[in-house]
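Undergrad: The lines below spell out each chain.
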Amino acid sequence: MSLLKSGKLVDDPWTHWPDDQAEPPEGPVIVTLKRWREEKPRLLARGTPLGLKLSSEQTPGEIHEDLHHFDVIALEFPVFTDGRSYSNARRLRQRYGYEGEVRAVGEVLRDQYLAFARCGFDALEVSDDETEKGYQAAMSAISTPFQPALDQAPTAMSLRQRRMQG
Amino acid sequence: MYTYDEFDHALVRERTEQFRDQVKRRLSGELTEDAFKPLRLMNGLYLQLHAYMLRVAIPYGTFSSNQLRQLAMIARKYDRGYGHFTTRQNIQFNWPKLSDVPDILDDLAAVEMHAIQTSGNCIRNVTADQFAGVIADEVDDSRVWAEIVRQWSTFHPEFAYLPRKFKFAFSASEHDRAAVRFHDIGVIAKRNTEGDLGFQIMVGGGLGRTPMIAKTIRRFLPAQHLLSYIEAILRVYNLIGRRDNKYKARIKILVHELGIDELSGLVEAEWERIRESDLKLPDSEIQRIRDQFAAPEYEDLNDDDPAFAAHRFEDRDFARWVSTNVAPHRQAGYAIATISLKPEGGVPGDVTADQMDVLAGLGDQYSLGELRATHEQNIVLPNVKQTDLYDLWLALKAENLGTANLGLVSDIIVCPGMDYCGLATARSIPVAQRVSRRFADLDRQLDIGEMKLKISGCINACGHHHIGHIGILGVDRKGEEFYQITLGGSAGEDATVGSIIGPALPSDEVVDGFETLIGTYLDLREEGERFLDTYRRVGLAPFKAALYQEKLHVAA
Chain G
86 MSLLKSGKLV
96 DDPWTHWPDD
106 QAEPPEGPVI
116 VTLKRWREEK
126 PRLLARGTPL
136 GLKLSSEQTP
146 GEIHEDLHHF
156 DVIALEFPVF
166 TDGRSYSNAR
176 RLRQRYGYEG
186 EVRAVGEVLR
196 DQYLAFARCG
206 FDALEVSDDE
216 TEKGYQAAMS
226 AISTPFQPAL
236 DQAPTAMSLR
246 QRRMQG
Chain U
568 MYTYDEFDHA
578 LVRERTEQFR
588 DQVKRRLSGE
598 LTEDAFKPLR
608 LMNGLYLQLH
618 AYMLRVAIPY
628 GTFSSNQLRQ
638 LAMIARKYDR
648 GYGHFTTRQN
658 IQFNWPKLSD
668 VPDILDDLAA
678 VEMHAIQTSG
688 NCIRNVTADQ
698 FAGVIADEVD
708 DSRVWAEIVR
718 QWSTFHPEFA
728 YLPRKFKFAF
738 SASEHDRAAV
748 RFHDIGVIAK
758 RNTEGDLGFQ
768 IMVGGGLGRT
778 PMIAKTIRRF
788 LPAQHLLSYI
798 EAILRVYNLI
808 GRRDNKYKAR
818 IKILVHELGI
828 DELSGLVEAE
838 WERIRESDLK
848 LPDSEIQRIR
858 DQFAAPEYED
868 LNDDDPAFAA
878 HRFEDRDFAR
888 WVSTNVAPHR
898 QAGYAIATIS
908 LKPEGGVPGD
918 VTADQMDVLA
928 GLGDQYSLGE
938 LRATHEQNIV
948 LPNVKQTDLY
958 DLWLALKAEN
968 LGTANLGLVS
978 DIIVCPGMDY
988 CGLATARSIP
998 VAQRVSRRFA
1008 DLDRQLDIGE
1018 MKLKISGCIN
1028 ACGHHHIGHI
1038 GILGVDRKGE
1048 EFYQITLGGS
1058 AGEDATVGSI
1068 IGPALPSDEV
1078 VDGFETLIGT
1088 YLDLREEGER
1098 FLDTYRRVGL
1108 APFKAALYQE
1118 KLHVAA
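In order, the protein sequences belong to chains G and U. If you use our numbering, the first sequence corresponds to residues 86 to 251, in order. If you use our numbering, the second sequence corresponds to residues 568 to 1123, in order.
Just so you know, these hints were derived from the structure itself, not from any lab. Watch out, some of these pointers could steer you wrong.
Said to hold, decoys possible - To give an idea of the chain G side of the interface with chain U (calculated C-beta under 8 Å), a few residues: (1) R178; (2) R180; (3) G182; (4) D196.
Claimed, not checked - According to the in silico footprint, chain U covers these stretches of chain G (three or more CB under 8 Å from chain U): (5) 98-110; (6) 126-138.
Just so we're clear, the structure is a prediction, and the values are computed from it rather than from any experiment. Note that the Cβ used here is the ideal one computed from N, Cα and C, for glycine as well.
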């Protein structure tokens, strides 16, 4: 796995801590909601940065009061056709004002990069053969979006309105 | 009509390039069929029984003569010389080669057309009343709102992988010509007592194996909130719509399981947070879109043109065509002409490339270059001068397009069925053809009166059988085709799901059975009653008795 953070391939400082592994990996870890609920005091006592992974079945609403504990929220795409995490990302940003990293994990494919960015994801766990060039190509596939989202790109409507007024 | 600007042009061209790359990756083996499937489906490309099928969007059914000429060119160059109009105002090509599809999309883009979101679990092509903008009984031109929603839904980043497909339909009239109550979201424009424009929003209608009539989630939504409100509905559906079973994944099941009140509560809570966002429509944007649908330059004419009256008097066949296929226009001296794509024994909805060229020419000559596709698989010329109707009809007749059967027995909605479709369990087109031949006598059809016959080749109900006055569903019984008959459905404002009459009939008895039902109605009907009225008055029993007694009689 490689990490694309804001379009750059970077070393991933985070390690996933799966539920079936008793002892934590070194350094910053991303835990499941189950572990967080069961081991919250222990996790906080470690004193290392924490991330949380939500499956597509789980929603940020279930945990919104704890969001400030996490520097990363990883939202899962168990298959790329399960689109729930797009809405969960928007709610994280829009409704709960979460400003940390929102990371897409699971089946994360190039044809979806633009949608990830527009829904508030800023980090993607991608296959090792992915390149920054590939990322840029995917991001420039559609130059002007036709609906407002979270990426601040001017929409066709706003550009048309500006032109009419200008 | 809506005309693309540089943003629309860029969008469809970029989409074509993206798809060209995806096809290239598929042909080279970089993408497996499993990975390619959701990508091609997002672009209207299905793999059917015998070949790929490309579904081209005709947003809200409005298109131009130039666009139709290009469709004819595509039918000739890349297909087998014909296309098929569907129940969602799309046109399908049945035989394209995968390697040609990017070029077809280029040719479509050249005339401001595309195949974006005509399949897949996303927001599909938006449909609308085919008479929008030219009929007197509407409170607004529903194409304005359908276009606004088309733009918002195009590549919506959040809603490309919904639990299941999602269909919008728009109407602005008490009279529902777009089956809005059988869509995932039906939008009906209304004016409140202050005269402000808004929408009744209905949600959770649909056909398939669980037919349901949409329920009203909001009685009156002020117009500027349309996008924020539907985005709230879609977000809630995307998150909690069922994904464990594809047959329970449509929003109708969510409405059914949750109840409309609970769903409404969730939607309103979401909407409260986004209603004042960038989704709120500025008046200037609504006006900008509205200007695109401004009425064309009509001539100053009067109704009751003497020559038109004389032709009707002198030519009985023309008079009959006018009575069935022509509707009143909002503009004096004009008419709305619906061209039946249901000639005797034909394949409903099929049009040859030559016929497309003729229709395009007639659209230019008689309808200000504009045409419409209807969900009942016919074509409308929306702007015909009454004085031109006779010449138009003569020209149509010469091309086997002048059949005077709109709304009658042989104006049948039918899905492609097992002649094309990989999901079908029986053939549907041949049944429609047999009915059409049996009832070829137009006098007899006129005597029977309004009859909405709808035929599906499987339980997915693309042929709308649940909402036919009489519906026919093809089923497979140990390798043999049987047909289950439903009575009393309606797609209109009196939305009703039909009732199954009894055991399915074998293929060779289904047309006789249909004729028996028609005969029973003719025996029972009272003055002025349509089939549907008689059925509603007397119920299923007399029809059932006639159908199955006749069967016993035949067996004896």
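Undergrad: None of the hints should be skipped; say for each whether it holds.
TA: Verification of the hints:
{"no.": "1", "hint": "R178", "in the structure": "violated (12 Å)"}
{"no.": "2", "hint": "R180", "in the structure": "holds (6 Å)"}
{"no.": "3", "hint": "G182", "in the structure": "violated (11 Å)"}
{"no.": "4", "hint": "D196", "in the structure": "holds (6 Å)"}
{"no.": "5", "hint": "98-110", "in the structure": "violated (count 0)"}
{"no.": "6", "hint": "126-138", "in the structure": "violated (count 0)"}
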